[in-house]
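Here the protein sequences line up with chains W and C, keeping their order.
Those letters in the first sequence? Residues 133 to 572, by my numbering.
Those letters in the second sequence? Residues 613 to 752, by my numbering.
Do not rely on the hints blindly, as some may be mistaken.
Claimed, not checked - Straight-line alpha carbon distances no greater than 25 angstroms define the calculated DSS-like cross-link-like pairs of lysine-lysine that follow:
| no. | chain 1 | residue 1 | chain 2 | residue 2 |
| --- | --- | --- | --- | --- |
| 1 | W | K449 | C | K729 |
| 2 | W | K262 | C | K654 |
| 3 | C | K749 | C | K729 |
| 4 | C | K728 | W | K554 |
| 5 | C | K729 | W | K173 |
| 6 | W | K262 | C | K729 |
| 7 | C | K641 | W | K155 |
| 8 | W | K173 | C | K641 |
| 9 | W | K202 | W | K318 |
| 10 | W | K417 | C | K728 |
| 11 | C | K751 | C | K640 |
| 12 | C | K751 | W | K342 |
| 13 | W | K357 | W | K202 |
| 14 | W | K357 | W | K262 |
Stated by the list, open to error - Just so you have them, the derived chain C footprint on chain W, three or more residues with Cβ under 8 angstroms:
| no. | region |
| --- | --- |
| 15 | 281-289 |
| 16 | 482-496 |
Stated by the list, open to error - Below, a sample of chain W positions facing chain C; criterion: calculated Cβ distance under 8 angstroms:
| no. | residue |
| --- | --- |
| 17 | E252 |
| 18 | Q256 |
| 19 | E260 |
| 20 | E263 |
| 21 | D415 |
| 22 | N500 |
| 23 | I501 |
| 24 | M504 |
| 25 | S505 |
| 26 | E509 |
The set of hints was computed from the structure by calculation and includes no laboratory data.
For glycine and all other residues, C-beta sits at the position ideal for the given N, C-alpha and C.
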Amino acid sequence: MDKFFTAVQLDEDLCRGCINCIKRCPTQAIRVRNGRAVITKQFCIDCGECIRVCPHHAKKAVFDSLDILKQYEYTVALPAPTLYGQLNNLDDINIVLTALKSLGFDDVYEVSGAAELVSELSRQYVEEHKEQWPIVSTACPSIVRLIRVRFPNLIPHLLPIQAPVDLAAAIARRNAMEKTGLPSEKIGIIFISPCPAKVSAARDPLGIEKSNIDGVLAIKSVYPKLIGIMPKILDEIEELAISGRIGIGWGICGGEASGLLRENYLAADGIENVIRVLEDLEDEKFSNLEFIELNACSGGCVGGVLTVENPYVAKVKLKRLVKYMPVARTHLRKDEGYEKAKREIDPYWNEEVEYKPVFRLGENMRDNIHKMSRVEELCSIFPALDCGACGAPTCQALAEDIVRGVACEQDCMYVLRQRLHKLSDEISMLDRTETNGGMK
Amino acid sequence: MSECIELRYEVSSEDFTRAGEASSNVKKKLKQMGVSPAAITKVAIAMYEGEINMVIHADGGHIEVTISEEEIEIKLCDRGPGIQNVEKAMQAGYSTAPDNIRALGFGAGMGLPNMKKYTDEMTIDTEIGVGTTVTMKVKL
């Protein structure tokens, strides 16, 4: 596995080659070449910014359709807490969970239920690992991907505990196998996701060797079906909910951090803000911080590109929903399967996250010095307009592309125009010389 | 002589929002050049401290960064008031920063000591009324 699978992909027929996405990509992973956007997948962290900004809807996220249920004998839906924030006037989560079963799932397991377990484990981990402070959350896969390509110094700060959805998948699989007696491959664990980053994380996970998630559905494609079913099942609601305020709070920025029940934390959302926090953390500008929660999307998971509701409205809805809920329900669940799962499943990471120096220019230091000097030289020729006409987001990025051998100087309109002027001057001079010569 | 690359940055005075621009630019370049994460941390922290110092005490100046195969040299040059007592300035907690700077959370007296701590070599050339040049080296 190359671990560079990206769920954000391009629809070439829709792409017009404009420069909106190249300008917005936080890792400068996109170029326009031959009139079409090209994503360098090693640089892409699946944040979904380009999906948000593309006016032609040419960027899309790959995810599964409900047909995936047919591939398995027994299926379990894992709804993200964000799903509840899409619905109006919801006061009983069991309605949503029962509706998911009516959609064709055999069972449901709330991701927010596993989130409460992760909160419990994190509380203990943060307390016991002061040398690692501030510990950086790893629930958002885009953040982990960003850190492994851009912030190697911060890898030791990562919280080595599975994301709630991965733990939920492991527990759900274990429970389903015990309940049905079916082998693992006949059981489908399907996540209902707010974002494409989770699609990639399920396929090429970081921190864990293999994900227990078999398929990922988008909240936006499940939502219309759910609102059709919900009014019809009000008489047959099952008791399926297993989470409280802490678990559901994970859908909103600050939810994970507040679940630690500590004071010295910082929670940032929106990829540009996150990058600023990581830069400052790298320069050791924070003191006394114990935990840093980071969310690539504005507002947290409610801001994911696969959701339908405005993230800030979804946040209000979630807050209203949890108002009268118990703080957490991990202690209230006494079912045998849950206790066994807790004993049998290792919730920690079992694989190192390695630094991937994808932005490196050369092979060795000598080569790097040479190439960086060339980048500087090129930058002094370019107009520093960052116009994007060459297909790279900035003049500096074009210079780097040239040094990497994937672009040339004349891709810059400014350079090209100067060369054309020079050429036309030379031609007219030549023409004049010839005309003068003819008069003699 | 081994190959090297020279970078130059102007540091403007009294503008805290821009202080740190030069060090983060250098940090980005070092990452692209495959410099070890540990060395990058040293350079980023020491250079940021130096940049802030130039803004606080010396009305700005300029920074010259030389990257070779063996080491990274950072030369912080200002035309500020000069340092009265270098030995004292090197003591942790000693600061001459005015109150308005302290109010911003700076001036804890850790600037020069931290710069020394994070670099392999540091020399200070200073002349009262003329300026100060701090040269730091991080070995690769």
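Hint check results:
no.	hint	verdict
1	K449/W to K729/C	violated (50 angstroms)
2	K262/W to K654/C	holds (22 angstroms)
3	K749/C to K729/C	holds (11 angstroms)
4	K728/C to K554/W	violated (52 angstroms)
5	K729/C to K173/W	violated (39 angstroms)
6	K262/W to K729/C	holds (22 angstroms)
7	K641/C to K155/W	holds (20 angstroms)
8	K173/W to K641/C	holds (21 angstroms)
9	K202/W to K318/W	holds (10 angstroms)
10	K417/W to K728/C	holds (17 angstroms)
11	K751/C to K640/C	holds (18 angstroms)
12	K751/C to K342/W	violated (40 angstroms)
13	K357/W to K202/W	holds (17 angstroms)
14	K357/W to K262/W	violated (47 angstroms)
15	281-289	holds (count 3)
16	482-496	holds (count 7)
17	E252	violated (32 angstroms)
18	Q256	violated (28 angstroms)
19	E260	violated (25 angstroms)
20	E263	violated (16 angstroms)
21	D415	holds (5 angstroms)
22	N500	holds (4 angstroms)
23	I501	holds (5 angstroms)
24	M504	holds (5 angstroms)
25	S505	holds (5 angstroms)
26	E509	violated (10 angstroms)
Consistency with the previously given hints fails for numbers 1, 4, 5, 12, 14, 17, 18, 19, 20, 26, ordered from lowest to highest.
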